[in-house]
Amino acid sequence: AQSVTQLGSHVSVSEGALVLLRCNYSSSVPPYLFWYVQYPNQGLQLLLKYTSAATLVKGINGFEAEFKKSETSFHLTKPSAHMSDAAEYFCAVSEYGNKLVFGAGTILRVKS
Amino acid sequence: DAGVTQSPTHLIKTRGQQVTLRCSPKSGHDTVSWYQQALGQGPQFIFQYYEEEERQRGNFPDRFSGHQFPNYSSELNVNALWLGDSALYLCASSFSGLNQPQHFGDGTRLSIL
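Chains L and C, in that order, give the protein sequences. Mind the numbering: the first sequence is residues 666 to 777 in this note's numbering, read in order. Mind the numbering: the second sequence is residues 26 to 138 in this note's numbering, read in order.
Don't read these hints as lab results, they were simulated from the structure. Given the structure is predicted, the values throughout are model-derived calculations rather than measurements. Here a beta-carbon is modelled for each residue, glycine too, at the ideal position from N, C-alpha and C. Do not take every clue at face value.
What the hints assert, rightly or not - Label pairs and their in silico Cβ distance ranges:
1. L:A682 with C:N96: 23 to 31 Å
2. L:K723 with C:R134: 39 to 47 Å
3. L:I772 with C:G53: 42 to 50 Å
Unchecked claim - Derived lysine-lysine pairs resembling DSS-like cross-links, with alpha carbons at most 27 Å apart:
4. L:K734 with L:K714
5. L:K733 with L:K723
6. L:K714 with L:K733
7. C:K51 with L:K723
8. L:K723 with L:K776
9. C:K38 with L:K714
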């Protein structure tokens, strides 16, 4: 069965600092991986997706993620945090069809 | 180009009642999925509809049912509501095909008293 583990339910960084949000997955077949962001009282917005074309995936708003099969990881990074990045971030895996299995989420706080 | 729209935005029900939530997919999308997001948790997959048929189902009881119409819009019905059904219900649409990215609406906040 597929599953996702997001390490750290809360992450706090200073404005301008590196953002690193961790995601490890479990999948019996080559996975499709996604990162979504959720702002308060809103739905989820797709940041980026990995579909086996390239291990380093670039997304919107300066975010990127690297797929590492040996580590079963798909960590999300951004070189310089902005106040507007404060939100909750979800990693998700899909094996068959379009069913998404989500992690528990990481709340990112950006300090000025 | 309108994205995924859901109605209503908020709903309050009492235990034992039933509820119907509605979703219009993003233009061009033919597949609709529903998720339940309890407070402080990630979304949980309820089911997916394609060509007016339930294609996949998550680990939810039969009290949860759905429908997809010829125009691809969808409804989620929940019977015999109980306190544990209080959550944000998210609708997502996508193109059919393997692992197409899903686009989410802003959800319906359902509160059970």
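*Decide if the proposed pair is consistent with the structure: K723 (chain L) and K776 (chain L), CA atoms, cutoff 27 Å inclusive.*
holds, 24 Å
*Has the given pair, K38 (chain C) with K714 (chain L), been kept, meaning a C-alpha gap of at most 27 Å?*
Violated, at roughly 37 Å.
*Decide if the proposed pair is consistent with the structure: K734 (chain L) and K714 (chain L), CA atoms, cutoff 27 Å inclusive.*
Judged against 27 Å, a Cα distance of about 15 Å means the pair holds.
*Taking only the CA atoms, is the gap from K714 (chain L) to K733 (chain L) under or equal to 27 Å?*
Given that 27 Å is the threshold and the Cα spacing comes to 14 Å, the pair holds.
_27 Å Cα cutoff - pair K733 (chain L), K723 (chain L)_ = holds, 15 Å
*Quickly compare the C-alpha distance for K51 (chain C) and K723 (chain L) to 27 Å and report which way the hint goes.*
Holds, at roughly 24 Å.
*Taking 39 to 47 Å as the hint, is the beta-carbon distance of K723 (chain L) and R134 (chain C) inside that range?*
violated, 33 Å
*Measuring from beta carbon to beta carbon, are A682 (chain L) and N96 (chain C) in 23 to 31 Å?*
Violated: the Cβ-Cβ distance is about 47 Å, outside 23 to 31 Å.
*asked:* Against the range 42 to 50 Å, how does the distance between the Cβ atoms of I772 (chain L) and G53 (chain C) compare: consistent or not?
replied: Since I772 (chain L) and G53 (chain C) have Cβ atoms about 33 Å apart, the given range 42 to 50 Å is violated.
Hint violations for this structure: numbers 1, 2, 3 and 9, all remaining hints satisfied.
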